Amino acid sequence: MLQLRQQFAQTGQCGLEHAFTAQEIDQIFLEEVGHHRHRIYPPMVTLRLFIDQTLSSDQACQKAVSQALVARAAAGQTQCSLNTGPYCKARKRLALGLPQRLCTLLGEQLERSAAPLWGWRGRSVKLFDATTVSMPDTLENQGSWPQSSRQKPGLGFPQARIGALISLSSGAVINYAEGPMSGKSSGEQALLRQISESLSEKDLLLADALHSTWWAVQMLAQRGVDLVMPNDGRRQVDFKQGRIHSKFDHVVWWPKPKCAAWIDQAQYEQMPAGLWVREVSVNGKIIVTTMLEPKQASPEELAALYAMRWNIEVDFRTLKVAMDMDVLRCKSPDMVRKEIAVFLLTYNLVRWSMMRAAQLVKV
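For the sequence shown, my numbering begins at 183 and goes up steadily by one.
What the hints contain is simulated information worked out from the structure, not anything from laboratory work. Fair warning: this is a prediction, and the values are worked out from it, not measured in the lab. Yeah, the Cβ is synthetic: ideal placement off N, Cα and C, and Gly gets one too. Treat the hints with care, as some may be off.
[Said to hold, decoys possible] What follows is a set of in silico ranges between Cβ atoms, one per label pair, in the way DEER data are often shown:
id: 1; residue 1: 382; residue 2: 199; range: 23 to 31 Å
id: 2; residue 1: 203; residue 2: 400; range: 55 to 63 Å
id: 3; residue 1: 217; residue 2: 382; range: 31 to 39 Å
Please work from the sequences and hints to get the whole structure.
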């Protein structure tokens, strides 16, 4: 990925015009930007330069402005100033929905175009997890993303939690949500709820033990999504109970817990009284799934399937290490959110190029 990033930064092969049709770009620009004044840095130019920044090793605005000057000279246009002020103002005017929608649109397109053999038994497999990024220590950023309570005042940096839904087939980000590290609706389950509309019927979702809860299983079952995850260590499992398939493979009833604070009472009353889930133990690790029958997946297949969840950890490492997203640069919440969106859009553009190359050689 690092080599691809450097290649795209030098050659521009990761351009928007390659991954999207002109109609797709025009439609999203019309809806998110509308009509705009003719400037040195119109929205399309600004977004391209922003993408180039995420691909650059230093990610400096000065380098982006220099690139704009070279491009204008090559096109026979009037030269612009090397002052970064106009470009920074153009980034502030850029609509957040523009990179966000392009990112999710490309992620969905990559998922649909992935070869059937890249899935699992013809089913789409998606991964969910969350990671953290830090940013400059400004009052505005601290207000939206307070530093960890474990750190003394003045010694830490604001941190944001990003929850991402990533395709196992393409490695692309299908959707994402961000929030603070603590407080109301800041946990991983809350982030997953925000983007659950990106999950389709018959999808398979691989997640960690934080989602081994009645609420997560119910939300996904309602959408026709099967879940594979490790058991929460706080839940005791007795394989002598329930409908037994084999010594370490059974189906049990999870009764509905008391109404959670974040759920409307009327909505809670419409939920089922409980859920059937399957628990299996493979090499001492207990896995929970909503695929209730052994013919759907054997215990060994479930263990192998869950092991694929590790791919999302590698994807996050790619974003944070190979693409330098670990520490963001923007100093205001509005710009931090745009920076996150542009990073994820750029990552999907690289994934698009990787998939295109794989399809050309019929991998």
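We went through each hint and held it up to the structure:
Separation of residue 382 from residue 199 is about 28 Å and conforms to the stated range, judged on CB atoms against 23 to 31 Å. Judged by the Cβ atoms, the range 55 to 63 Å given for residue 203 and residue 400 is violated: they are separated by roughly 39 Å. Judged by the Cβ atoms, the range 31 to 39 Å given for residue 217 and residue 382 holds: they are separated by roughly 35 Å.
Hint 2 alone, counting from the list given before, is not met by this structure.
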